[in-house]
Each structure stands twice: as C-alpha cells, then as structure tokens.
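J.: Residue-level listing of the chains:
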Amino acid sequence: AQSVAQPEDQVNVAEGNPLTVKCTYSVSGNPYLFWYVQYPNRGLQFLLKYITGDNLVKGSYGFEAEFNKSQTSFHLKKPSALVSDSALYFCAVRDRDNNNDMRFGAGTRLTVKP
Amino acid sequence: NAGVTQTPKFQVLKTGQSMTLQCAQDMNHEYMSWYRQDPGMGLRLIHYSVGAGITDQGEVPNGYNVSRSTTEDFPLRLLSAAPSQTSVYFCASSYSSGRFSGNTIYFGEGSWLTVV
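Chains as they are written, first to last, in my numbering: chain A, 1 to 114; chain B, 1 to 116.
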C-alpha cells in the first residue's frame, strides 16, 4: 500500500524568504502526487499535481514542486513567501495500479511571519 | 456550479445516536469519497464510490455506512455514534478513477462532528 510522510509538523519562514515543505512517498509502482492547502475551517484546495512528464510542476499561487524519483520526494516550494500563505499543507499520493485509494500525509503547518 | 456541498457544517451528537452527513456534487463526477481528518493523522479514507450503485470500503470504514443511489449524492451514515467518531468529515469527488486516476479530487468545506 502507498504511504506519504511529511517530516515536519511545522515550518516557519519570514515573509519574502523562500519556503520548502517536504514530502516523501512510498508506492509499489509509479505515483501520482498531489499538494493541497487547507485554510482554517475550510476544505482542502488543490494546488498542483505530478502525473507524468516534466519533474518540475508549477501550480496555483506561485507554488511549485519537484518530483524526484530516486529520492521518492515531492517537495513543495515557493521563491518568496507571503503572510497569506500561512495554512496547513497536505501531500497526497495515488498508486497508478490502485486507482481508488489516495493516501494523505499528516500535514505541515506553514507560518509566514511579517 | 456549487462544486461539492456538505451538510450540516456542525453537529453535536450523543453517544449511540445515529445521523447522516449529506454530500452532493454538481460536476457529474463518477468518483466520490468520504474522509475524516484528525489532528496529526491527516485525512483517512472511510468509504468511496466509483459510480451509482457501487461503493467500497477505505482505510477506516467501521461504524459508517454509505450508499450511492444517484451520481450526485453520497451520504455518510453513522450507525451508533461513539466519541471516537468526533472528527472533521470531508466529502470529495473527481472524474472517474480507473485509467484516469491522476484526476484532481475536489473537496467540500467539511462537517465538524462532536460526539459526547
């Protein structure tokens, strides 16, 4: 079965600095990888996904993520953080051979300070 | 286009009571699912459906029932509520899985359930 690890419960960055939210995954085959963001008392919003092709994926709000097969990672990045980026971020993986089961990480809380 | 709509948003139940969380989507998505979100555990899949009349269990199905009589609706029933079912519940949908399993899943706004 697939699984996702987000090794940091909390990430703190200063506004204007680059940010990275880490994600590693485990699947038996090839993965589909996703990032979602959750603002307080709201549902999850889709940010970006890796399906195939270019390892660098660009998504909403200036976020991007790089698929690294050798390190089984899919870290979320943004060159310049905004205070409004403060939220809970979830990485998720879906095994291409088990199409109905999407697994989520435990989430990383990002706080961007002015 | 409302997307995925969940009701109620907040609910308090007594232990042993039953209730149904409603979920509807207007995007003609074949795939629908229910997750629960607990602190430090991310989202865990309860049940899912790949089309009307078809449902299957996810990671944590015990204590919950689902049915899918129409494409649009996917209600989640708590049979006899327990304090361990205190959680935030999210309904989600996407175009069909199968060979399109890279499709994005869209979430509702959540239902906060407290069992006392």
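Hints listed in this document are in silico derivations from the structure and should not be mistaken for laboratory results.
Beta carbons: idealized from backbone N, C-alpha and C, even for Gly.
Take the hints with a grain of salt, since some may be wrong.
Over 10 Å on every C-beta distance to chain A, these chain B residues come out as not near it, computed from the model [unchecked claim]: (1) Ala2; (2) Lys14; (3) Thr20; (4) Ser33; (5) Ala52; (6) Ser67; (7) Leu79; (8) Ala92; (9) Thr104; (10) Tyr106; (11) Thr114.
Here are the simulated DMTMM-like cross-link-like pairs (lysine to aspartate or glutamate), alpha carbons at most 25 Å apart as the crow flies [what the hints assert, rightly or not]: (12) A:Lys113 with A:Asp54; (13) B:Lys14 with B:Glu72; (14) A:Lys77 with A:Glu8; (15) A:Lys22 with B:Asp56; (16) A:Lys22 with B:Glu59; (17) A:Lys113 with A:Glu15.
Okay, the calculated beta carbon distance ranges per label pair [what the hints assert, rightly or not]: (18) A:Pro114 with B:Pro61: 41 to 49 Å; (19) B:Thr70 with A:Pro18: 13 to 21 Å; (20) A:Gly62 with B:Phe10: 28 to 36 Å; (21) A:Leu56 with B:Ala2: 28 to 36 Å; (22) A:Thr52 with B:Glu109: 25 to 33 Å; (23) B:Gln22 with A:Phe46: 20 to 28 Å; (24) B:Asp73 with A:Tyr61: 39 to 47 Å; (25) A:Tyr39 with B:Met41: 27 to 35 Å.
J.: Hints the structure violates: just list their numbers, smallest first.
T.: 4, 8, 9, 10, 12, 13, 15, 19, 24, 25
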